[in-house]
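Fit chain B to the given chain A structure using the hints.
Chains as they are written, first to last, in numbering that gives the first Met the number 0: chain A, 0 to 385; chain B, 0 to 260.
Because the hints were derived from the structure by calculation, they are not lab data. Keep in mind that the hints are not guaranteed to be accurate.
[As the list claims (entries may be wrong)] For lysine-lysine, the following DSBU-like pairs were computed, each having C-alpha atoms within a straight-line distance of at most 35 Å:
#1 Lys9(A) / Lys178(B)
#2 Lys105(A) / Lys50(B)
#3 Lys195(B) / Lys105(A)
#4 Lys148(B) / Lys17(A)
#5 Lys14(B) / Lys42(A)
#6 Lys248(B) / Lys42(A)
#7 Lys217(B) / Lys43(A)
#8 Lys14(B) / Lys17(A)
#9 Lys261(A) / Lys178(B)
#10 Lys189(B) / Lys17(A)
#11 Lys43(A) / Lys195(B)
#12 Lys144(B) / Lys261(A)
#13 Lys189(B) / Lys43(A)
#14 Lys107(A) / Lys50(B)
#15 Lys42(A) / Lys217(B)
#16 Lys48(B) / Lys42(A)
#17 Lys189(B) / Lys107(A)
#18 Lys43(A) / Lys154(B)
#19 Lys144(B) / Lys17(A)
#20 Lys17(A) / Lys244(B)
#21 Lys17(A) / Lys248(B)
#22 Lys17(A) / Lys195(B)
#23 Lys43(A) / Lys156(B)
[To be verified] To list a few chain B residues with every Cβ distance to chain A over 10 Å, as calculated:
#24 Val29
#25 Pro62
#26 Lys87
#27 Tyr98
#28 Pro186
#29 Lys213
#30 Asp242
#31 Ser246
By construction, the Cβ of each residue, glycine as well, lies at the ideal position given by its N, Cα and C atoms.
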Amino acid sequence: MEYFLTDEQKMIVELSRKITNEFIIPDRARLDQEEIFPTEILKKIADADLYGLYIPEAYGGFGGGVMDFILAVEEFSRGCIGVSVSFAANALGIYPVLAFGTEEQKQKYLPAIAAGTSQAAFGLTEANAGSDAGGVQTTAELKGDHYILNGTKQWITNGGEADTYTIIAMTDKAKGARGASAFIVEKGTEGFTFGKKEDKLGIRASATRELVFQDCKIPKANLLGKEGQGFIVAMKNLDHSRPGIAAQGVGLAQGAMDAAVKYSRERVQFGKPISAFQANQHKIANMATEIEAARCLLYQTARTIDAGIKDFSQESAMCKLYATDVANKVANEALQIFGGYGYMREYPVEKMFRDAKILQIYEGTNEIQRNVIALDAIKKSAKQDR
Amino acid sequence: MNIAVCIKQVPDSDKVTIDRETNRLNRTGVPSVINPFDENAIELGLQLKDKHGGKVTVITMGPPQAEQALRDCIAVGADEAYLITDRKFAGADTWATSYTLSLAVQKAGDFDVVLFGKQAIDGDTAQVGPGVAYFMDIPVITYVKEVEKTETGFKVKRVTEEGYQLWEVDGKAAFTVVKEANTMRLPSLKGKMRAKSATITTWGADDIGAEEEKIGLKGSPTIVRKVFSPPIKTNREIIENEDPKQSVKELLGKLKERKIL
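Same shape as in the complex, but just chain A:
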């Protein structure tokens, strides 16, 4: 399929592919088995100037948009989504500063992220709040020139590894979701500690930890946007970042399919390569078609966002939903083509199969995505009746 990428976008793909082939693929099994955070690979990505793809040039970035960013995420995900999520979570962590930050906040935090010398993370989820953002129990109390944070965030990607955190906390519990606010918290702030690293089914190279706030005192200047805007910050941030998860789905699916097709040409049974059997050919045909459909939806969504279209919640949810469902289906079928070998750790599809599941869960489960899409469709219909 011709996607009419610009010369710069072709360069982004070429560079990301080189990093994937030379550094991610050879090391992914070790990173997964030993749960190693991919610090060295992230350094390579930073040296290639890919950290600042979506950050304006004025803050040391490339000045691109979602499209430029997802091209890189897709390529890295072909190799390992444990690595690609560690990279992509920076965007989730810093986008609120980009979209809602003051000039001072932007000057302070964006250049280090753009250069890749600093990592970011986003803290919304708690034991009793995730997609139901109104259930956040972490509090931020204004005392003079400072806010005092108390509470615990759960399952935070890049937790402990990141230097800059965007945290959603309640400034006025009585107002529910409208009482939430967003804050920038720096690693090393007194009263801010981390829980143990979670032991996960997949994306084991990525770091997932609890963020614990105990009378954590942060300057008033670290409030992002206005008090009460926290829920909007969180929702806009998720709308904006969901294509990144879709890109992980497309990349993972492509990687799984490529491995399965290659294997089917090499594996001989009944005197023929198993790619000669129609049962496998139909699997390959379905995988190829669905991956391309997911990619089309993803790229068009990214371009919609970059074109400045205001409301893209539905598109963003659609591409996340579709691409990550495809990723799970493809990982499953690819493993089936590998048969018994696919179940073994020696072959990469076993890891892809485990990794794929998180895509249907994080940044809003796919059930939540369906809610967003359906509500949007129902609202549009109601508007037409008026």
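Frame of chain A; chain B shown alone:
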């Protein structure tokens, strides 16, 4: 530090096959890359620049399409690039190539050091580096692994089959660089964008003031008698045992079996 790196564009050896009938390389459709050993020379040049400041200039003699190899050097951080190209250079052997390159290097600037890969993977002669140094009348040290700047020149580590030698050289020098020296860095996005729009200076025979009888086929004393692929040695066997006595016994048995002993 003013650094020159001479490079060659070669066919990607992973993708080249040999035509068994004619014993020639099947070159059609094979992508071209920077000679792998030249990548080590480029990286060494960039490291010297990182440490001491200055400029890295890359120079290649080749057909017009060799320009891509120069752009790839700019993408990793080279500052300037020169393409030495002319139909008159066609058929040059290592002698004529060395002469031609030496003129280009001298015209391109006043360099403190001129770097080369230890050899090109297509010709494998390892002659052009020393050849250019000869024509420039500067000292050359081959198979260099490490370079350190001194007050008056350079201190280098030269790899030998048994280990390494330490050499010191005063003033300007040429070095040919081995694979063990480093791994070339990845290009960056900004580098790639710069490479795309960079101006590559192109010089022909007249631009560098080359004498007609010293370049191209005319200036090449080498005569190729025969090109062939050497027979592939087969049936190698390594006899390995905890106890060497056992290995010797097995070896003698095998030699007797084949009636060699």
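Results for each hint:
For the proposed pair Lys9(A) and Lys178(B), the alpha carbon gap of about 30 Å is at most 35 Å, so the pair holds. Taken as a hint, the Lys105(A) and Lys50(B) pair is honoured in the structure, with Cα atoms around 32 Å apart against an allowance of 35 Å. Proximity of Lys195(B) to Lys105(A) is assessed by CA-CA distance (about 31 Å); at most 35 Å being required, the pair is judged to hold. For the proposed pair Lys148(B) and Lys17(A), the alpha carbon gap of about 33 Å is at most 35 Å, so the pair holds.
Among the hinted pairs, Lys14(B) with Lys42(A) is consistent with the structure: their alpha-carbon atoms are about 31 Å apart, no more than 35 Å. Taken as a hint, the Lys248(B) and Lys42(A) pair is broken in the structure, with Cα atoms around 54 Å apart against an allowance of 35 Å. Using a Cα cut-off of 35 Å, the hinted pair Lys217(B) and Lys43(A) is violated, with the two alpha carbons roughly 48 Å apart. A hinted pair counts as satisfied when its Cα atoms are at most 35 Å apart, and Lys14(B) with Lys17(A) qualifies at roughly 18 Å.
Taking the CA atoms of Lys261(A) and Lys178(B), the gap is about 32 Å. The hint holds against a cut of 35 Å. Between Lys189(B) and Lys17(A) the alpha-carbon distance is near 16 Å, which keeps this suggested pair within the 35 Å criterion. Of the pairs offered as hints, the one joining Lys43(A) and Lys195(B) holds, with about 22 Å between alpha carbons and a cut-off of 35 Å not exceeded. Under the criterion of a C-alpha separation no larger than 35 Å, the hint pairing Lys144(B) with Lys261(A) is inconsistent with the structure, at around 40 Å.
For the hint linking Lys189(B) to Lys43(A), the alpha-carbon distance of about 14 Å falls within 35 Å, and the restraint holds. Our distance criterion of 35 Å between C-alpha atoms is met by Lys107(A) and Lys50(B), whose separation comes to about 29 Å. For the hint pairing Lys42(A) with Lys217(B), the CA-to-CA distance comes to about 51 Å; that exceeds 35 Å, so the pair is violated. Taken as a hint, the Lys48(B) and Lys42(A) pair is honoured in the structure, with Cα atoms around 21 Å apart against an allowance of 35 Å.
With a CA separation close to 23 Å, the supplied pair Lys189(B) and Lys107(A) stays within the 35 Å bound. Taking the CA atoms of Lys43(A) and Lys154(B), the gap is near 30 Å; set against the 35 Å cutoff, the hint holds. Taking the CA atoms of Lys144(B) and Lys17(A), the gap is about 26 Å. The hint holds against a cut of 35 Å. Pair hint Lys17(A) plus Lys244(B) does not hold up; C-alpha atoms about 50 Å apart against a cutoff of 35 Å.
Our distance criterion of 35 Å between C-alpha atoms is broken by Lys17(A) and Lys248(B), whose separation comes to about 51 Å. Between Lys17(A) and Lys195(B), the direct Cα distance comes to roughly 18 Å. Compliance with the 35 Å bound is thereby established for this hinted pair. Proposed proximity of Lys43(A) and Lys156(B) is supported: the alpha carbons are some 28 Å apart, at most 35 Å. The beta carbon of Val29(B) is kept farther than 10 Å from every beta carbon of chain A, the shortest such distance being approximately 19 Å.
Remark: the non-interface label on Pro62(B) is consistent with the geometry, its nearest Cβ contact in chain A lying 24 Å away (cut-off 10 Å). Residue placement check: Lys87(B) keeps its beta carbon more than 10 Å from all beta carbons of chain A (closest about 34 Å). The Cβ of Tyr98(B) lies farther than 10 Å from every Cβ of chain A, with a closest approach of about 37 Å, so its non-interface assignment holds. The beta carbon of Pro186(B) sits about 7 Å from the closest Cβ of chain A, which is not more than 10 Å, so the claim that it is off the interface is violated.
At roughly 41 Å, the least C-beta separation between Lys213(B) and chain A is larger than 10 Å, which holds for a residue marked as non-interface. Asp242(B), annotated as away from the interface, keeps every beta carbon of chain A farther than 10 Å; the closest lies near 34 Å. With a least beta-carbon separation of about 33 Å from chain A, Ser246(B) lies farther than 10 Å from that chain, consistent with its non-interface assignment.
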